[in-house]
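Join the two chains into one complex using the hints; note that each chain is given alone, in its own frame.
The listed protein sequences derive, respectively, from chains A and B. Numbering-wise, the working numbering puts 148 at position 148 of the first sequence, and it's gapless, one number per residue. Numbering-wise, the working numbering puts 51 at position 51 of the second sequence, and it's gapless, one number per residue.
Check each hint, because a few of them may be wrong.
[Claimed, not checked] Once the Cα atoms are required to be at most 27 Å apart in a straight line, the calculated BS3-like pairs of lysine-lysine come out as:
{"#": "1", "chain 1": "A", "residue 1": "Lys30", "chain 2": "A", "residue 2": "Lys19"}
{"#": "2", "chain 1": "A", "residue 1": "Lys175", "chain 2": "A", "residue 2": "Lys150"}
{"#": "3", "chain 1": "B", "residue 1": "Lys5", "chain 2": "A", "residue 2": "Lys130"}
{"#": "4", "chain 1": "A", "residue 1": "Lys150", "chain 2": "A", "residue 2": "Lys130"}
{"#": "5", "chain 1": "A", "residue 1": "Lys72", "chain 2": "A", "residue 2": "Lys150"}
{"#": "6", "chain 1": "A", "residue 1": "Lys132", "chain 2": "A", "residue 2": "Lys72"}
{"#": "7", "chain 1": "A", "residue 1": "Lys130", "chain 2": "A", "residue 2": "Lys72"}
{"#": "8", "chain 1": "A", "residue 1": "Lys19", "chain 2": "B", "residue 2": "Lys18"}
{"#": "9", "chain 1": "B", "residue 1": "Lys18", "chain 2": "A", "residue 2": "Lys150"}
{"#": "10", "chain 1": "A", "residue 1": "Lys72", "chain 2": "B", "residue 2": "Lys18"}
{"#": "11", "chain 1": "A", "residue 1": "Lys30", "chain 2": "A", "residue 2": "Lys72"}
{"#": "12", "chain 1": "A", "residue 1": "Lys175", "chain 2": "A", "residue 2": "Lys132"}
{"#": "13", "chain 1": "A", "residue 1": "Lys175", "chain 2": "A", "residue 2": "Lys130"}
{"#": "14", "chain 1": "A", "residue 1": "Lys53", "chain 2": "A", "residue 2": "Lys27"}
{"#": "15", "chain 1": "A", "residue 1": "Lys72", "chain 2": "B", "residue 2": "Lys5"}
{"#": "16", "chain 1": "B", "residue 1": "Lys5", "chain 2": "A", "residue 2": "Lys30"}
{"#": "17", "chain 1": "B", "residue 1": "Lys5", "chain 2": "A", "residue 2": "Lys132"}
{"#": "18", "chain 1": "B", "residue 1": "Lys18", "chain 2": "A", "residue 2": "Lys30"}
{"#": "19", "chain 1": "B", "residue 1": "Lys18", "chain 2": "A", "residue 2": "Lys130"}
{"#": "20", "chain 1": "A", "residue 1": "Lys150", "chain 2": "A", "residue 2": "Lys132"}
{"#": "21", "chain 1": "A", "residue 1": "Lys19", "chain 2": "A", "residue 2": "Lys72"}
{"#": "22", "chain 1": "A", "residue 1": "Lys72", "chain 2": "A", "residue 2": "Lys24"}
{"#": "23", "chain 1": "A", "residue 1": "Lys72", "chain 2": "A", "residue 2": "Lys175"}
{"#": "24", "chain 1": "A", "residue 1": "Lys27", "chain 2": "A", "residue 2": "Lys150"}
{"#": "25", "chain 1": "B", "residue 1": "Lys18", "chain 2": "A", "residue 2": "Lys24"}
{"#": "26", "chain 1": "A", "residue 1": "Lys175", "chain 2": "B", "residue 2": "Lys5"}
{"#": "27", "chain 1": "A", "residue 1": "Lys27", "chain 2": "B", "residue 2": "Lys18"}
{"#": "28", "chain 1": "A", "residue 1": "Lys53", "chain 2": "B", "residue 2": "Lys5"}
{"#": "29", "chain 1": "B", "residue 1": "Lys18", "chain 2": "B", "residue 2": "Lys5"}
{"#": "30", "chain 1": "B", "residue 1": "Lys18", "chain 2": "A", "residue 2": "Lys175"}
{"#": "31", "chain 1": "B", "residue 1": "Lys18", "chain 2": "A", "residue 2": "Lys53"}
{"#": "32", "chain 1": "A", "residue 1": "Lys53", "chain 2": "A", "residue 2": "Lys72"}
{"#": "33", "chain 1": "A", "residue 1": "Lys150", "chain 2": "A", "residue 2": "Lys30"}
{"#": "34", "chain 1": "B", "residue 1": "Lys18", "chain 2": "A", "residue 2": "Lys132"}
{"#": "35", "chain 1": "A", "residue 1": "Lys27", "chain 2": "A", "residue 2": "Lys72"}
{"#": "36", "chain 1": "A", "residue 1": "Lys53", "chain 2": "A", "residue 2": "Lys19"}
{"#": "37", "chain 1": "B", "residue 1": "Lys5", "chain 2": "A", "residue 2": "Lys150"}
FYI, nobody ran anything at the bench for these hints, they're computed from the structure.
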Amino acid sequence: MEDSAIIDLYFARSEEAIKETAAKYGKMLKGVSLRILRSIEDAEEALSDTYMKTWNSIPPTRPNIFSAFLTKIIRNVSLDKLDSMHADKRGAGMIPAILDELEECIADNRMPVPGEGMELREILNSFLEKEKPESRKIFVRRYFFGSDVKEIAEFYGIGESKVKMSLARSRERLKVCLEEEGVTV
Amino acid sequence: MKTDKNTLFRAIGEIDEKYVSEILEEDASGMSVIKSFDAAKASTNAKKKASGVKKFMMYYLPAAAALLLCAVFVKAFLFSRNTSSSTGNAASADCAAAPEANSPIAYAPMEAANDESCEEADCADLSMDAAYIADSDNEATGKPDTAGTYSDEGESMVIDGMPNPFTDCETLEEACVIAGIDLTIPDDYDFGLTRIYRAMNDKMIEVIFMDGDEEVYRIRKGLVSEFGEDISGDYNEYNTSSAVIAAGCEAELLGNSESEMMMARWNDGTYAYSITCEEPLPEATMIGIINMMMEK
Chain A
1 MEDSAIIDLY FARSEEAIKE TAAKYGKMLK GVSLRILRSI EDAEEALSDT
51 YMKTWNSIPP TRPNIFSAFL TKIIRNVSLD KLDSMHADKR GAGMIPAILD
101 ELEECIADNR MPVPGEGMEL REILNSFLEK EKPESRKIFV RRYFFGSDVK
151 EIAEFYGIGE SKVKMSLARS RERLKVCLEE EGVTV
Chain B
1 MKTDKNTLFR AIGEIDEKYV SEILEEDASG MSVIKSFDAA KASTNAKKKA
51 SGVKKFMMYY LPAAAALLLC AVFVKAFLFS RNTSSSTGNA ASADCAAAPE
101 ANSPIAYAPM EAANDESCEE ADCADLSMDA AYIADSDNEA TGKPDTAGTY
151 SDEGESMVID GMPNPFTDCE TLEEACVIAG IDLTIPDDYD FGLTRIYRAM
201 NDKMIEVIFM DGDEEVYRIR KGLVSEFGED ISGDYNEYNT SSAVIAAGCE
251 AELLGNSESE MMMARWNDGT YAYSITCEEP LPEATMIGII NMMMEK
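If we strip away everything but chain B, and leave its shape as in the complex, we get (with noise of 0.2 Å):
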């Protein structure tokens, strides 16, 4: 018995011969359309890489310099201390700062360079490199680690990099019960797509879609009071906004066009959601996730 579905499925076979020629023609001469997918690929990769790069420049490489300013403060301050302890006198005029094997690294104090002359800085600032040199010898020569480990008096301090705030979850129950957040996932827009569970203790949640190693789409849920109304991370300019409700809440979708959504964000008040995309999701199917993710 015909359905409507099979009403469809019987029109499809009365589609212009140039598209069926079209396929016929790839499959006799044995070309497909990969060149196009890659040529494709590339484009995106080629974008994905230049946003990477304008990141890069925008955010991280600030926050890196900001870090290792902090860092050589950090060090200065330590040495200064250390040296004024110990050797009191470590920043003579005769440049002779840099570091024995088995002694604290000895730098040149801050106070000392200010208050002495140039030339005595520029000193201490050898001294800094050699104490650097030193540290990579010991790495090359198996000793123990100081690069980041600073000593002072028995006290030891580890300077980390930023930690990453979010834990990697084996399971969505796992990632919940860390974030103490419950996130229904959109399974209807799975496409088949595997997932990475992160949580962030007691605030938010993801779930990023992936194809192999491509990230395709990512959720996030977390906490109004902690991240504020926008928790996407995305701070890409769209050409196009709308709000749309959708599962009682006003949701902005933001993208290149009404077929080429790259991004939702919405919250309930207590909580804010995002979907961010790497590839562009039809309004439709931004909205159908959006209702899913919002499903009690």
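The shape of chain A in the complex, shown without the other chains (with noise of 0.2 Å):
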């Protein structure tokens, strides 16, 4: 079924939403989920309150993209469930690898809110507007998505450390625009 015609059902309030859209990207979702939380129970468990989530935002929200939409919904689930883990210190993944190197693009470990500047959020558009398609790809990847390194490279046919060099110099890069704009002290 069309992406749009699934949005119609959420907007007719039909059951048949969510049958459709675990039809068509739950197991996409999933995935995504597992990369964070790395275990299945708990990313079923992200993926029934993300399915809650769309059919509380739709309607009013109408999505453009609507799998990027639903991709968005459910990374942000799952970090919330894994900051109660932590809480409960459970689980782990990766998260901790990735947010070590990308505190390598705040200079001096302190993020204040941008005042006269962009929204962080505008800054990072920007950032990625600007970045080359491959690196890019690869930064989405790793720090959207939670990939890991060996992931991404068997995805692309290219080395570790061509990955590892790749993101290393992206966050080089996002470092420069985050201190242009302020986000450093």
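In structure tokens:
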């Protein structure tokens, strides 16, 4: 079923909407959650929460790109779950490693809220816009989807060191972007 | 508890949907950007190839020609000595200078060639060709190889190609001992690359960072007294050049733009240093590598 038709089902408040969403995107969404949570059980829970949030968001929201809209929701749901798991001293996955890498982008390890400059989201979008497609995709796979370096290297048929190199260069450029927008002290 | 890096990580979750979508489409179609990587790689390889051809034409070809010329002169000189001491009249006009299998290869002496007519000189050339053929035959028949080896009454001289001044080493420590120079590896910029350690006796140390068979970048440290202030060996021309102060030294960074640096060189008076890249590195990375190399 076309995405627009599924969205129409949400607007019609038909429960078929969730069924169709699960049929079309369930597997992919579960994969996104699994990368973060590293537990099938937790990922399935996150998936259910995602359907619930989607149901509550549409309407009024009409997503432009439904798959990306769902992916963003499950990423956030999974991260929320991960936070609560950390509180319970459960779970780990590769998120700590990813966070350590991202820490390099912040000059003095503090992240003030951008004031007069652009919002963080806009800075990131602007940064991604300027990136070359290859390095942007590697960056998004690593830091949005939480893929590990090996997985990315295998997907693109390149060496792991090349992926690491690409990520390191992207982080350097992001750091410059953040500094330019005053996201450093 | 959320930290600053958490905020950034969360914010990445809010990026424009089109960036997420392009990954999802890639996953769904099973198509990756391998093609674009391949295209980029092909382009890089073409550049490297072009650069290699340029280097070959500019440096290696003249060097090889000069070596060949030297070899011919040495050969002619040795045979002129050989001929005057043993055969005396080897350059006779009957062109019978072709060597016998068990005898030293006899060429017409240069002096004779100069003194006699052009015809005789041609004969001498022909005899030299014959000697080359004889050498080839020896190789083919499994007889002792005389190529590049010239005997003169029991003495022999072997002319080899240009010797490689570098010694490949197993470890950094070994390279440091041979070079007599300490070097700090920029571990933070290792990127999981494999390393090749090389040293030049009491003169220079070099580490090449490899991604599989491809070089990513290399660092050098050598004596200013031996090599001058530039030991990079990179004679390419770059669009941008900037001077930065790193680790107390003024380093010159060269590249195609600020975000695409290809080379850095600097010195502390005693030692000259260089970083050369096969693929560009951001300026900040270059400075980071310099700082780490200069750490005591």
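Quick rundown of the hints versus the structure:
1. Lys30(A) x Lys19(A): Holds, at about 15 Å.
2. Lys175(A) x Lys150(A): holds, 24 Å
3. Lys5(B) x Lys130(A): holds, 22 Å
4. Lys150(A) x Lys130(A): holds, 25 Å
5. Lys72(A) x Lys150(A): Distance ~23 Å between lysine 72(A) and lysine 150(A) Cα, so the pair holds.
6. Lys132(A) x Lys72(A): holds, 22 Å
7. Lys130(A) x Lys72(A): Given that 27 Å is the threshold and the Cα spacing comes to 22 Å, the pair holds.
8. Lys19(A) x Lys18(B): Cα-Cα ~25 Å, so holds.
9. Lys18(B) x Lys150(A): holds, 24 Å
10. Lys72(A) x Lys18(B): Cα-Cα ~11 Å, so holds.
11. Lys30(A) x Lys72(A): Holds. Lysine 30(A) to lysine 72(A) sits at ~12 Å (cutoff 27 Å).
12. Lys175(A) x Lys132(A): Roughly 16 Å between the alpha carbons, so the hint for lysine 175(A) and lysine 132(A) holds.
13. Lys175(A) x Lys130(A): holds, 14 Å
14. Lys53(A) x Lys27(A): Holds - the C-alpha atoms of lysine 27(A) and lysine 53(A) are around 17 Å apart, at most 27 Å.
15. Lys72(A) x Lys5(B): holds, 18 Å
16. Lys5(B) x Lys30(A): Holds. Lysine 5(B) to lysine 30(A) sits at ~25 Å (cutoff 27 Å).
17. Lys5(B) x Lys132(A): Given that 27 Å is the threshold and the Cα spacing comes to 24 Å, the pair holds.
18. Lys18(B) x Lys30(A): Between lysine 18(B) and lysine 30(A) the Cα gap is close to 20 Å, so the pair holds against 27 Å.
19. Lys18(B) x Lys130(A): The hint holds at about 14 Å.
20. Lys150(A) x Lys132(A): holds, 21 Å
21. Lys19(A) x Lys72(A): Judged against 27 Å, a Cα distance of about 19 Å means the pair holds.
22. Lys72(A) x Lys24(A): holds, 16 Å
23. Lys72(A) x Lys175(A): Holds: lysine 72(A) and lysine 175(A) sit about 23 Å apart, inside 27 Å.
24. Lys27(A) x Lys150(A): holds, 21 Å
25. Lys18(B) x Lys24(A): holds, 19 Å
26. Lys175(A) x Lys5(B): holds, 12 Å
27. Lys27(A) x Lys18(B): Holds, at about 20 Å.
28. Lys53(A) x Lys5(B): Answer holds: lysine 53(A) to lysine 5(B) is near 26 Å, not above 27 Å.
29. Lys18(B) x Lys5(B): holds, 23 Å
30. Lys18(B) x Lys175(A): holds, 22 Å
31. Lys18(B) x Lys53(A): Holds, at roughly 21 Å.
32. Lys53(A) x Lys72(A): holds, 11 Å
33. Lys150(A) x Lys30(A): holds, 20 Å
34. Lys18(B) x Lys132(A): The hint holds at about 15 Å.
35. Lys27(A) x Lys72(A): Holds. Lysine 27(A) to lysine 72(A) sits at ~15 Å (cutoff 27 Å).
36. Lys53(A) x Lys19(A): holds, 14 Å
37. Lys5(B) x Lys150(A): holds, 23 Å
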